[in-house]
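As a plain string of letters, each chain reads:
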Amino acid sequence: MADELDRQAGREAAASPTFHLVEDEHGHGHGSPTMLGFWIYLMSDALIFAGLFATFGVLSTSYAGGPTPREIFELPLVALNTAILLVSSITFGFAMLAMEGGKVRTVQLWILVTGLLGAAFVGVELYEFIHLIGEGATPQRSAFLSAFFTLVGTHGLHVTLGIVWILVMLVQLQQRGLHIENKRRLMCLSMFWHFLDVIWIGVFTFVYLLGMIR
Amino acid sequence: MSSPDHAVDHDLHSHGDTHGHGTMRSYVVGFLLSAVLTAIPFWLVMSGALQPGATAALVIGLAIVQILVHTVCFLHVNTQAEGGWTLIAYVFTGVIVFITIAGSVWIMYHLNTNMMPGMPTGQVSGTP
Chain A
70 MADELDRQAG REAAASPTFH LVEDEHGHGH GSPTMLGFWI YLMSDALIFA GLFATFGVLS
130 TSYAGGPTPR EIFELPLVAL NTAILLVSSI TFGFAMLAME GGKVRTVQLW ILVTGLLGAA
190 FVGVELYEFI HLIGEGATPQ RSAFLSAFFT LVGTHGLHVT LGIVWILVML VQLQQRGLHI
250 ENKRRLMCLS MFWHFLDVIW IGVFTFVYLL GMIR
Chain B
2 MSSPDHAVDH DLHSHGDTHG HGTMRSYVVG FLLSAVLTAI PFWLVMSGAL QPGATAALVI
62 GLAIVQILVH TVCFLHVNTQ AEGGWTLIAY VFTGVIVFIT IAGSVWIMYH LNTNMMPGMP
122 TGQVSGTP
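Same order as they appear, the protein sequences are chains A and B. Number 248 in our numbering belongs to position 179 of the first sequence; there are no gaps in the numbering. Number 22 in our numbering belongs to position 21 of the second sequence; there are no gaps in the numbering.
To be clear, the hints were calculated from the coordinates, so they are not data collected in a lab. Beta carbons are placed, not taken as given, at the ideal position from N, Cα and C, and that holds for glycine. One should not assume that every hint holds.
[Said to hold, decoys possible] One side of the interface only, derived from the structure: several residues of chain A facing chain B at Cβ under 8 angstroms: (1) A115; (2) L116; (3) S158; (4) M165; (5) L166.
Chain A on its own, in the form it takes in the complex (with noise of 0.2 angstroms):
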């Protein structure tokens, strides 16, 4: 069977010489832009991260004779979250490697882990804004708060869409198996998770890290 569809495409090669659009076409997938369109999605993300990340720099140091980053920050926190956000990384690859060798159960069983590793993030950082808020250091008290709760929130509101997504996957998983749209949804679902660590590194970087030495 397939050494008579090989001669077939043998012959279809050499009668014609137009084989380049397949090759073209492994270039992009099987006709279809989603990998490469939600790519350039996460980029425009980029952007406005870039917008926030910009405005929270310009702001940094406008504390309106309120609290300073230092009074206010709790490093082991912010650590506890990098730790939490970026173990919830490699699960993630784990449940990629275990959709390679098709096995659906264990990418359930990793994307779940992620998820509740994200739930675990989510947990640590309303925490931390409710005892800021309690502290009196609300979004209203200085730009550099306004700045801070919109940066550090939108990042937060990030991973929690990408918890609400990692349960929608489950069920489809669990309703259709490793099908290949569930494979291009889980690849998507996989490069979102990864980007909002990145996103994160320049959190407790410029945000947390640099603003304890200022």
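Since chain A is already given, all that's left is putting chain B on it; use the hints.
Coordinates of chain B only, in the frame set by chain A:
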């Protein structure tokens, strides 16, 4: 490179991203590198081992390295994926991100420092 194989290849590895799924090795290497690249800046800031200026420079440098590690090991950006378009979009975005952030901070810093001393921001224009 027979055509049925090709079709199967397409179905399994959608979107020609066959080079870019990552292996156990790439994920583990990425994770270990990231752990080290995260631990060092946190330690530098929490211990105060260096001068603030040196700490800031080192922390920013390590963050950039870590972003690149994530991009290669986790996001699998390389010259082959999607015919190189992901890499081009990534580099372009990097340039825009740099211009946006560095440009904003630069302009606003000079705006602030060139204000007359003792003149509080926000009350520059208009009569009292």
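May I ask which of the numbered hints given earlier this structure violates, with the numbers listed in increasing order? none
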